[in-house]
Structure formats: structure tokens, C-alpha cells
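Engineer: Take a look at the letters that make up each chain.
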Amino acid sequence: MIYDKSSGKIVDIIKNYARKHSLWIVAYGTGCGAIELPPTMTSRYDAERFGIRGSATPRQADVLLITGYLAVKTLKRVIRTYEQMQDPKYVIGFGSCTINGGMYWDSYNTVKALDRYLPVDVYINGCMPRPEAVISGFIELQKLIEAGKANGAKKYKENLDWYRENQRKVIKNWKMPDYNW
Amino acid sequence: MNINWLSVLGIITTPIIAFIVGVTYGGLTRRITARIQNRYGPPSSQNLLDIIKLYSKETSIQHGVMQHLGPVFAITASITTLYFIPVIKNSVVFTNLSFNGDLIFLLYIMVFGSLGMALGAGQTGNPNAAIGVSRGLSQMVGYEIPFVLSLVAIMTQFHTTSLTDLLAVQKHFADWIIFQSPLAFIAGILAFLGMMGYAPFDVVIAPAEIASGPPSEFGGKYLALMMTSRSIFTFAKLVLFTDIFLGGASDFITLIIKTFLLYMIPVLTGIVFPRFRTEQSICFFWKWPLVFGVLAILVVVL
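Protein sequences appear in the order of chains A and B. Using this note's numbering, read the first sequence as starting at 1 and increasing by one per residue. Using this note's numbering, read the second sequence as starting at 1 and increasing by one per residue.
A couple of the hints might just be wrong.
The calculated lysine-lysine pairs, modelled on DSBU-like cross-linking and capped at a C-alpha distance of 35 angstroms, are [to be verified]:
{"no.": "1", "chain 1": "B", "residue 1": "Lys221", "chain 2": "A", "residue 2": "Lys149"}
{"no.": "2", "chain 1": "B", "residue 1": "Lys287", "chain 2": "A", "residue 2": "Lys175"}
{"no.": "3", "chain 1": "B", "residue 1": "Lys221", "chain 2": "A", "residue 2": "Lys155"}
{"no.": "4", "chain 1": "A", "residue 1": "Lys9", "chain 2": "B", "residue 2": "Lys221"}
{"no.": "5", "chain 1": "A", "residue 1": "Lys169", "chain 2": "A", "residue 2": "Lys76"}
{"no.": "6", "chain 1": "B", "residue 1": "Lys221", "chain 2": "A", "residue 2": "Lys157"}
{"no.": "7", "chain 1": "B", "residue 1": "Lys221", "chain 2": "A", "residue 2": "Lys143"}
{"no.": "8", "chain 1": "A", "residue 1": "Lys76", "chain 2": "A", "residue 2": "Lys9"}
{"no.": "9", "chain 1": "A", "residue 1": "Lys154", "chain 2": "A", "residue 2": "Lys73"}
{"no.": "10", "chain 1": "A", "residue 1": "Lys154", "chain 2": "B", "residue 2": "Lys221"}
{"no.": "11", "chain 1": "A", "residue 1": "Lys73", "chain 2": "A", "residue 2": "Lys149"}
{"no.": "12", "chain 1": "A", "residue 1": "Lys76", "chain 2": "B", "residue 2": "Lys221"}
{"no.": "13", "chain 1": "A", "residue 1": "Lys112", "chain 2": "A", "residue 2": "Lys9"}
{"no.": "14", "chain 1": "A", "residue 1": "Lys73", "chain 2": "A", "residue 2": "Lys9"}
{"no.": "15", "chain 1": "A", "residue 1": "Lys149", "chain 2": "A", "residue 2": "Lys9"}
{"no.": "16", "chain 1": "B", "residue 1": "Lys287", "chain 2": "A", "residue 2": "Lys73"}
Listed next, the stretches of chain A that the computed footprint assigns to chain B, with coverage defined by at least 3 CB atoms under 8 angstroms from CB atoms of chain B [said to hold, decoys possible]:
{"no.": "17", "region": "9 to 21"}
{"no.": "18", "region": "26 to 37"}
{"no.": "19", "region": "111 to 124"}
Here are the computed distance ranges between Cβ atoms for each label pair [as the list claims (entries may be wrong)]:
{"no.": "20", "chain 1": "B", "residue 1": "Tyr40", "chain 2": "A", "residue 2": "Arg164", "range": "14 to 22 angstroms"}
{"no.": "21", "chain 1": "B", "residue 1": "Tyr40", "chain 2": "A", "residue 2": "Arg80", "range": "30 to 38 angstroms"}
{"no.": "22", "chain 1": "B", "residue 1": "Tyr40", "chain 2": "A", "residue 2": "Lys149", "range": "25 to 33 angstroms"}
{"no.": "23", "chain 1": "B", "residue 1": "Leu9", "chain 2": "A", "residue 2": "Arg164", "range": "35 to 43 angstroms"}
{"no.": "24", "chain 1": "B", "residue 1": "Ala208", "chain 2": "A", "residue 2": "Val170", "range": "56 to 64 angstroms"}
{"no.": "25", "chain 1": "A", "residue 1": "Arg116", "chain 2": "B", "residue 2": "Tyr40", "range": "53 to 61 angstroms"}
Note that these hints are calculated values from the structure, not bench results. Just so you know, even glycine gets a beta-carbon here, dropped at the ideal spot from N, CA and C.
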């Protein structure tokens, strides 16, 4: 079931407040971006003061953090991970590679625009984004959640056919189980 | 049949109070950990926000009936444990269901939650969950023995199996059982470290090693139920140890102070120590706490 998160009812306001202040991330450390996460989480920048915490498995997570470029092979795993997460879920594209391919713009094996394959809620620009930029991206996501506008998962469900078509175009050996919500 | 409405009030309010206190302690723990690691740390309401968020998740995948029932068993066991512990000394409202022989009953019912969890995690089919369950049950064998020895020492010393009688024994500060039988307290508190599951005994939920173990396949509302159960169970265990060793509490302020100080023992131990391997953990429990437990019994008997 998909609820309207920006309805303005008191229940939704409480729920959005809790969602905003408790973001559990599962970081998909494909590229060089993963190295920016330890300083973000540890003593120097301390993302935990915003309620951001690493989660051990996709089932428990809220935010999928795509740190860097996605090869075709890793895109398959990312889609699996994303579909195992529980609603409401958000995707953060991290670094230039997720926006337009970045320095891999002419690579034969990387995915250029992540938005065609997964619904991205917030992009963090930079190559690499510093921990300050990462935290500012998370705060941007928090603002969207509070306003009830972080509806990436809803978009994914509504346009599943379009996303599937794009995904199948890239992933040749498509042997994936069906989406279980 | 006349119903004692005050007891009914106690039955209704005790789990709520336990939940609030347990959740706040959890949040404070994260903050204290952060301050020790030279971080600012999350607000102390962080755990409550996490639980509200998990309850407001819109989907929750389950792999079968047992996974559905596992968290329910856990929370049932937590609340049942809480009901058989007198929270406030000599209080009509918060005596709850404690009866003669409740110490023996508690020994049994405290294990039930873990077993329910094990069944639930077993259904998920996740290998990490299976490893976590086997580790958890092995470790339970480790810490239950010194815990039982410590309780048996106290039961023999005071010729009672009732928590209310134990509370009646400890009238003044000098009568607390921590002073009357310190060896039993040492065995009990070492077993308590294992029960709380903080480092170095966090072999069950080892996030960096086996992806949080038993709950690795639980998400959304199932995880929320498990966190709720954990908060209530933490409070229940703290009150149990306060009742047995620290003379109970005659009002809520004393209760909060005593339970918080007791809670800081596993937390502060956990911050400075890394994780044991499973066999190291079990060996530890079968070495030192066991020796203290047997000594406590010998001191009483001889």
C-alpha cells in the first residue's frame, strides 16, 4: 500500500519526523566513494548526531547510498539490494559518476545515469564529495522526507515497467527473482 | 469476585514504564558511547525515534509463520518476565504477579524469548541468522550456569525462592545482599554482562562479522517489535538484579538511580573491550563466574 506522506495529518507529521531523524544506510561501496564514509561516520564529522547510522543488512536499511560508478555487473547487485529494502526507502547518488558517468563518461562497461535504473532522491555532486558535502546531502534528504516529497520508492513502483525495460537493456543475462514488495 | 483495580493499573502501566525507561537508557547509552569516543552523539531520544520509524515502515517481508511469531514470542517473554518481578518495594500497584517461588519461574521464562527468537530467525533461511542463533544458544549455556549458581547460593542462604522475601530481608543499606553474599553478586554480575549482550560478549549480534546475526532478515515492524522487546527486557533484568542484590527500590527515583548505575556496568565494559570469539566467551563464563558461583555456595553451605 502506498500512503500519501505529505497529507499533513498529525500521524504523518510524527512518522515523517521519526523517518527524518533515523536514517539507516546501507552503503554500496563500489568505487572510490566508499573511502569518504568512514570519516563521515566517525569522530571527526560524526553523522550519528543526525540519526544517521549504518545498518547491517538491506532489510533493516532506509537509505541506499551508491558511492561512485556502477559497472553493469554491480548494477545487478544494487537492484537486488534495493528491492530487498523495506518501504519507505531512499536512494542517494554519491559523486559525479552517478549523475553523468563522471570520469567514466566514455567507458563501455559503466552505467552513466543512475536515474534511469533506480529512482534517486538526492544527488551529491563532486569527485569526490567531502564528508561535509555528504552530510549536507543527507540534510537535503531529511528536508525532502519532512515535506513528504522523498517518494522515490513510489515512483519506482508506478513506473516499474520503464525501469525494468532500462535495466534489462543493460543487463544481458537477466536471471533475477520477481520483485517482492 | 472483587477485582483489585490497583493491580490492574499496575499490569497496564508497568510495560509502558519499562518501555520508556528501557528506550531512554538505550539512547543514553549511545550518547555516552559517543562522548567516550570523542563524538557529539545522537540525542537521547534516538532509540525511540528509531522504533517509531520502524513501526511506520509500510512493507514488511516475512518468510513464513515462525518468522511472524518469533518477535511476538520475544515480546511476550519480556513482558511476562517483567510481570513476575516486583518493580517497587511494598507497593500495591507495582507488585504485579510475584508469588512464592518466582525466582525459579523467572529462571525458566527468561530463556523463552531467546528460544522464540531462535525459531523465528531459523525460518528466515539466512546463513548469518543461523550462525547467530547457534552462537546465542551456546553463549546462553555459558552464562546461565553462573547465574543459576549465584541464585542458588542466595536461595540457600536465605531459605526462600521468593523475590518479595528477599526484598524483606534487605531492610537497611548494610543488609543488601551485595554485602551479605558478595561472591554471589560477582558471579551474578558477570553472568549479567553476558545477558546484556554488550561487548566483549556481543558474539550474537556482531554487525561487522555476521551482519547482525538473528535479526539480519528482519525488517520494518518485525525489527521494531524486537527492539521494543529488547528495551522492556533490559529494564526487567535491571529491576531483577536491583531487587536481588541492591535492596530493591521504594520509589521511582531510587529505582532509576540504581538501575542506571547497574546498567552502566555492562555499557562501560562494552565500550573499552573488543569482541570475544564465541569459544572465548563461553570459556570465560565457565572459568571465573563459575568459580565465584561455586565459592558462594560453599561459603553458604559450610
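Engineer: Hint by hint, say whether it matches the structure.
Structural biologist: Quick rundown of the hints versus the structure:
no., hint, result
1, Lys221(B) <-> Lys149(A), "holds (23 angstroms)"
2, Lys287(B) <-> Lys175(A), "violated (52 angstroms)"
3, Lys221(B) <-> Lys155(A), "holds (23 angstroms)"
4, Lys9(A) <-> Lys221(B), "holds (21 angstroms)"
5, Lys169(A) <-> Lys76(A), "holds (12 angstroms)"
6, Lys221(B) <-> Lys157(A), "holds (21 angstroms)"
7, Lys221(B) <-> Lys143(A), "holds (24 angstroms)"
8, Lys76(A) <-> Lys9(A), "violated (38 angstroms)"
9, Lys154(A) <-> Lys73(A), "holds (25 angstroms)"
10, Lys154(A) <-> Lys221(B), "holds (19 angstroms)"
11, Lys73(A) <-> Lys149(A), "holds (31 angstroms)"
12, Lys76(A) <-> Lys221(B), "holds (27 angstroms)"
13, Lys112(A) <-> Lys9(A), "violated (39 angstroms)"
14, Lys73(A) <-> Lys9(A), "violated (43 angstroms)"
15, Lys149(A) <-> Lys9(A), "holds (15 angstroms)"
16, Lys287(B) <-> Lys73(A), "violated (50 angstroms)"
17, 9 to 21, "holds (count 6)"
18, 26 to 37, "violated (count 0)"
19, 111 to 124, "violated (count 0)"
20, Tyr40(B) <-> Arg164(A): 14 to 22 angstroms, "violated (43 angstroms)"
21, Tyr40(B) <-> Arg80(A): 30 to 38 angstroms, "holds (35 angstroms)"
22, Tyr40(B) <-> Lys149(A): 25 to 33 angstroms, "holds (28 angstroms)"
23, Leu9(B) <-> Arg164(A): 35 to 43 angstroms, "violated (56 angstroms)"
24, Ala208(B) <-> Val170(A): 56 to 64 angstroms, "violated (32 angstroms)"
25, Arg116(A) <-> Tyr40(B): 53 to 61 angstroms, "violated (39 angstroms)"
Going through the hint list in order, the structure does not satisfy hints 2, 8, 13, 14, 16, 18, 19, 20, 23, 24, 25.
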